[in-house]
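Peer 1: Spelled out from the first residue to the last, the chains are:
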Amino acid sequence: MSRILLRGGRLLDPASGLDERGDLLLEEGVVKAVGAGIPASGAQVIEAAGCWVAPGFVDLHCHLREPGQEYKEDIASGGRAAVAGGFTSIACMANTHPVNDDPAMTDYILDRARQDSPARVLPIAAATRGLEGKVMTEMAALVAAGAVAFSDDGKTIMDGGVMRRVLQYSRLVEVPVIVHCEDRTLVGDGVVNEGPVSTRLGLPGNPAVAEEVQIARDLLLAEATGAYLHVAHVSTAGGVSMIRRARERGISVTAEVTPHHLTLTDAVALSFDTNSKVAPPLRGDADRKACREGLADGTLDAIATDHAPHAVHEKDLEYTQAPHGMIGFETALAVVLELVREGELTPLELVRRLSTNPARILKRNAGSLAVGSPGDITVLDPERRWTYDPAKGFSKSRNSPWAGKSLVGRVLLTFVAGKLVFDVERGVVAP
Amino acid sequence: MAQETPPSIGRAAARGASAVSAGRVLLDDTAIARALTRIAHEILERNEDVSQLYLVAIPNGGVPLARRLAANLRQIAEVDVPVGVLDTTLYRDDLKMTGERPLLRRTEMPSAVDERVVVLVDDVVKTGRTIRAAMDALMDFGRPRMVQVVGLVDRGHRELPIKLDYVGKNVPTSPRETVSLRGRDGDLEGLLEVTLLPADARGDA
Amino acid sequence: MIGRDLLGIEDLERSDIERILHTAVHMREVGEREVKKVPTLRGRTIVNLFFESSTRTRASFEIAGKRLSADVVNFSPSSSSMKKAESILDTARTLDAMDPDAVIVRHEVSGVPKSIADVLDAPVINAGDGAHEHPTQALLDLFTVQQEKGRIDGLTVTIVGDILHSRVARSNIYGFLKMGAEVRVAAPPPMIPPAIEELGVKAYTSLREALDGADVVMALRIQNERLAGSYFPSVREYAATFGLDRSKLHYAKEDAIVMHPGPVNRGVELSHDLADHRPSVILDQVRNGVAIRMAVLYLFAGRKREHGQSRRTS
Numbered sequence: 001m002s003r004i005l006l007r008g009g010r011l012l013d014p015a016s017g018l019d020e021r022g023d024l025l026l027e028e029g030v031v032k033a034v035g036a037g038i039p040a041s042g043a044q045v046i047e048a049a050g051c052w053v054a055p056g057f058v059d060l061h062c063h064l065r066e067p068g069q070e071y072k073e074d075i076a077s078g079g080r081a082a083v084a085g086g087f088t089s090i091a092c093m094a095n096t097h098p099v100n101d102d103p104a105m106t107d108y109i110l111d112r113a114r115q116d117s118p119a120r121v122l123p124i125a126a127a128t129r130g131l132e133g134k135v136m137t138e139m140a141a142l143v144a145a146g147a148v149a150f151s152d153d154g155k156t157i158m159d160g161g162v163m164r165r166v167l168q169y170s171r172l173v174e175v176p177v178i179v180h181c182e183d184r185t186l187v188g189d190g191v192v193n194e195g196p197v198s199t200r201l202g203l204p205g206n207p208a209v210a211e212e213v214q215i216a217r218d219l220l221l222a223e224a225t226g227a228y229l230h231v232a233h234v235s236t237a238g239g240v241s242m243i244r245r246a247r248e249r250g251i252s253v254t255a256e257v258t259p260h261h262l263t264l265t266d267a268v269a270l271s272f273d274t275n276s277k278v279a280p281p282l283r284g285d286a287d288r289k290a291c292r293e294g295l296a297d298g299t300l301d302a303i304a305t306d307h308a309p310h311a312v313h314e315k316d317l318e319y320t321q322a323p324h325g326m327i328g329f330e331t332a333l334a335v336v337l338e339l340v341r342e343g344e345l346t347p348l349e350l351v352r353r354l355s356t357n358p359a360r361i362l363k364r365n366a367g368s369l370a371v372g373s374p375g376d377i378t379v380l381d382p383e384r385r386w387t388y389d390p391a392k393g394f395s396k397s398r399n400s401p402w403a404g405k406s407l408v409g410r411v412l413l414t415f416v417a418g419k420l421v422f423d424v425e426r427g428v429v430a431p
Numbered sequence: 001m002a003q004e005t006p007p008s009i010g011r012a013a014a015r016g017a018s019a020v021s022a023g024r025v026l027l028d029d030t031a032i033a034r035a036l037t038r039i040a041h042e043i044l045e046r047n048e049d050v051s052q053l054y055l056v057a058i059p060n061g062g063v064p065l066a067r068r069l070a071a072n073l074r075q076i077a078e079v080d081v082p083v084g085v086l087d088t089t090l091y092r093d094d095l096k097m098t099g100e101r102p103l104l105r106r107t108e109m110p111s112a113v114d115e116r117v118v119v120l121v122d123d124v125v126k127t128g129r130t131i132r133a134a135m136d137a138l139m140d141f142g143r144p145r146m147v148q149v150v151g152l153v154d155r156g157h158r159e160l161p162i163k164l165d166y167v168g169k170n171v172p173t174s175p176r177e178t179v180s181l182r183g184r185d186g187d188l189e190g191l192l193e194v195t196l197l198p199a200d201a202r203g204d205a
Numbered sequence: 001m002i003g004r005d006l007l008g009i010e011d012l013e014r015s016d017i018e019r020i021l022h023t024a025v026h027m028r029e030v031g032e033r034e035v036k037k038v039p040t041l042r043g044r045t046i047v048n049l050f051f052e053s054s055t056r057t058r059a060s061f062e063i064a065g066k067r068l069s070a071d072v073v074n075f076s077p078s079s080s081s082m083k084k085a086e087s088i089l090d091t092a093r094t095l096d097a098m099d100p101d102a103v104i105v106r107h108e109v110s111g112v113p114k115s116i117a118d119v120l121d122a123p124v125i126n127a128g129d130g131a132h133e134h135p136t137q138a139l140l141d142l143f144t145v146q147q148e149k150g151r152i153d154g155l156t157v158t159i160v161g162d163i164l165h166s167r168v169a170r171s172n173i174y175g176f177l178k179m180g181a182e183v184r185v186a187a188p189p190p191m192i193p194p195a196i197e198e199l200g201v202k203a204y205t206s207l208r209e210a211l212d213g214a215d216v217v218m219a220l221r222i223q224n225e226r227l228a229g230s231y232f233p234s235v236r237e238y239a240a241t242f243g244l245d246r247s248k249l250h251y252a253k254e255d256a257i258v259m260h261p262g263p264v265n266r267g268v269e270l271s272h273d274l275a276d277h278r279p280s281v282i283l284d285q286v287r288n289g290v291a292i293r294m295a296v297l298y299l300f301a302g303r304k305r306e307h308g309q310s311r312r313t314s
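Protein chains in written order, with the numbering used here: chain A, 1 to 431; chain B, 1 to 205; chain C, 1 to 314.
It is worth saying that the hints were derived from the structure and are not from the lab.
From a predicted model like this one, the values you see are computed outputs, not experimental measurements.
In this text, a Cβ means the ideal position worked out from N, Cα and C, and glycines have one as well.
Treat each hint with caution, since some may be false.
Said to hold, decoys possible - Far from chain C, by Cβ distances over 12 Å, these chain A residues were calculated:
(1) 7
(2) 107
(3) 213
Stated by the list, open to error - When the alpha-carbon atoms are kept at most 20 Å apart in a straight line, the in silico EDC-like pairs for lysine to aspartate or glutamate are as follows:
(4) C:37 with B:42
(5) A:155 with A:102
(6) C:304 with B:93
(7) C:36 with B:48
(8) B:96 with C:237
(9) C:66 with B:140
(10) C:304 with B:100
(11) C:248 with C:215
(12) C:114 with A:273
(13) C:37 with B:108
(14) B:96 with C:215
(15) A:419 with A:189
(16) C:37 with B:45
(17) B:96 with C:121
As the list claims (entries may be wrong) - Pulled from the structure, derived: some chain C residues nowhere near chain B, Cβ distances all over 10 Å:
(18) 26
(19) 101
(20) 155
(21) 208
(22) 239
(23) 304
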């Protein structure tokens, strides 16, 4: 169906500030009309009363595990899980096997995505070869092949000298360098946030200062080089306040925070549930509060899932052996709606952080309902109650701390390029 | 612990007190004392060599009874019979594996058991299983020459072939009733009484 | 008795601890007989599942089980073969199918006994997991103090050593606090765990202040191999600042006792003299260890979950 009319929903367009009940017409893959009382004229009509109609969410940070670890996830299953969560564009990290540090690999990923992923896939290429933190990658060639940003996420560039050169060189291609800030020598063998919980559990602690030290370093290097820095998954109060001060000083930096760092604390680890094990770790209450405040006041620009699938047998190990990460595409919306329910963000501001801002950071034509925008739309019911069962989800993996929990807020329909790709009643319907 | 003959007023008071607590008094302290005096004589009659006697009490009720018996034997025959305490909990055949485990009680065996005539002392004997457990426990301490059993109250309903050598009183009961030795004032160091309670969840020996 | 498993002191009420100590008194009496055996757990199977090697604790549990007439089976998968072969939970499930009456688990990573308990029907007893808990050690320490001092309420207990990496410290902190003692910890600063005072203890970096007025001094083992050079500069400096000898013991009360979970690094945590003579009660601790473990087996073994009601099915 090339003409679809979404009728009577709450239109939320952060790009224009629109927050009103109305209609949205999709035709030939783009937004044809937005506003009240659009005539149907032969379009397929979908009633959206009681729902929010928002530009499709853009995820700055996820792991699709292909190539190399397809047993955990692949581009097809990741793309399906993404649209089930309302994400129409997803940026995938380079820590695959082999690493995406070569244009041929970037090509491969885009090719697979074109064939099998209902969501748009934006490859993030490695900043250094093999993620070894020594030699920078061929950024120009990678951008030409389709890379949208550079990151050694999964690892950290420990050498300050290398980091500086990477940031300098990135100015050639004018795309963000995304940093996973964790000083490995301070992390040590820490697996839980260092604090009262690590003390109780008798597990090695990963101190907040391990993240803060690197955020400080990278902010100063960004200032010195004029590069475009984006800080991934901020988790510490110290990190948030340093980014705030850096912005005030005019340093070009953006930052993201995950749904889990906004809503969970290290107390979740008290049950030794390895689904609580993530990098950076879940922190204390003060850090969580600071992240929420940072998201509300704009210090943290975007919400990114850091969707990190791991197989059941991998997570079913001792806490120190289990790999870090949790899946997040399908629970992100329900989890972050808590901030709207608590009055910390308006619906429009939430959508801005899920869609418009991430699109802007990656310089994508997305995150807007303006006429002519790509027909990437998410229709959601913020009140819908459901129980999350990862076994019934679209990801190949199940490692979520919300497994079995009752959630409120669900994506009902997702459109990419004007076509319906996800319907909560029928599942993923294309490709 | 010396035996005491309570004044007659005490007996009336005892009856009054038991009317407040549940159950009927089968034996008050005076009746118990008399029975123990008789049993002491019987023990001496049956055992020529009193120097080999060893009273072994099964807690909790057997303990004050054994002590009184020892005092009686000292008074009558001027012989000091050692008194041991042997908890049978760890030898029971009915430790339900799923429920909570019963509390353990004291075991104190001041004398060796070998070649002795051990006289087990228990307050109420019913199925005979406690006596069986006590004998198993006793065998782990040594090899007595002979084992005899004192039961202050024999209420029948044996499930094992256990006989009592010395009985204070035979009391016919229905199996679901409860018969127990208690301190009249709450502790076993003072005046004692044996009471009968109607059908109850608690079992006894 | 709360729960089916003994995973840690943190989960126990004071009344549970008292129950275990009370039972241990009677079990110790069994250990003083000539025939040190009672038939209570005859026909029952106890499995020692020790992923981390240990001669003392395992032997102590084995003797305890055998004194209760149980059949004790030792299963010691070495950690390296674990990674290649069966996972821990697969091993545990296989064992469970053989219907044991208790599984005793020791592992170098915190939380493993709990994960095993989640999939087993049989009761799980934690014999030490990572730096998390070692409940039977704390129970025997509490028992030893109770026997020596007649009480635990109101005593001052000072624990000295690598608190950060010590499960013995954590379990004892919970145990002694629940039984009414005041607890102090003393260590070089890098070995004081973050926020330890939130557990209810006072932390000291001065041994002298920590010992002032102490009734019980518990020295913990230092792992030289792992830590010298990173958490403290050298064994020599550790012994000089935190090692206990008779002269440093003068800071404590005159009748203070000295404890150690063993094995002792002579000349490091304790001087040679203190390791072997009063007021150290180390051998009593070992003896009491068997009584405590007999009490624990008596109270926990055989109380299985109803079949099929495992909290986790996969």
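Peer 1: Give a verdict on every hint.
Peer 2: Structure-based check of all given hints:
| no. | hint | result |
| --- | --- | --- |
| 1 | 7 | 44 Å, holds |
| 2 | 107 | 36 Å, holds |
| 3 | 213 | 17 Å, holds |
| 4 | C:37 with B:42 | 35 Å, violated |
| 5 | A:155 with A:102 | 18 Å, holds |
| 6 | C:304 with B:93 | 19 Å, holds |
| 7 | C:36 with B:48 | 33 Å, violated |
| 8 | B:96 with C:237 | 55 Å, violated |
| 9 | C:66 with B:140 | 15 Å, holds |
| 10 | C:304 with B:100 | 12 Å, holds |
| 11 | C:248 with C:215 | 14 Å, holds |
| 12 | C:114 with A:273 | 10 Å, holds |
| 13 | C:37 with B:108 | 16 Å, holds |
| 14 | B:96 with C:215 | 41 Å, violated |
| 15 | A:419 with A:189 | 47 Å, violated |
| 16 | C:37 with B:45 | 36 Å, violated |
| 17 | B:96 with C:121 | 17 Å, holds |
| 18 | 26 | 4 Å, violated |
| 19 | 101 | 7 Å, violated |
| 20 | 155 | 25 Å, holds |
| 21 | 208 | 43 Å, holds |
| 22 | 239 | 43 Å, holds |
| 23 | 304 | 7 Å, violated |
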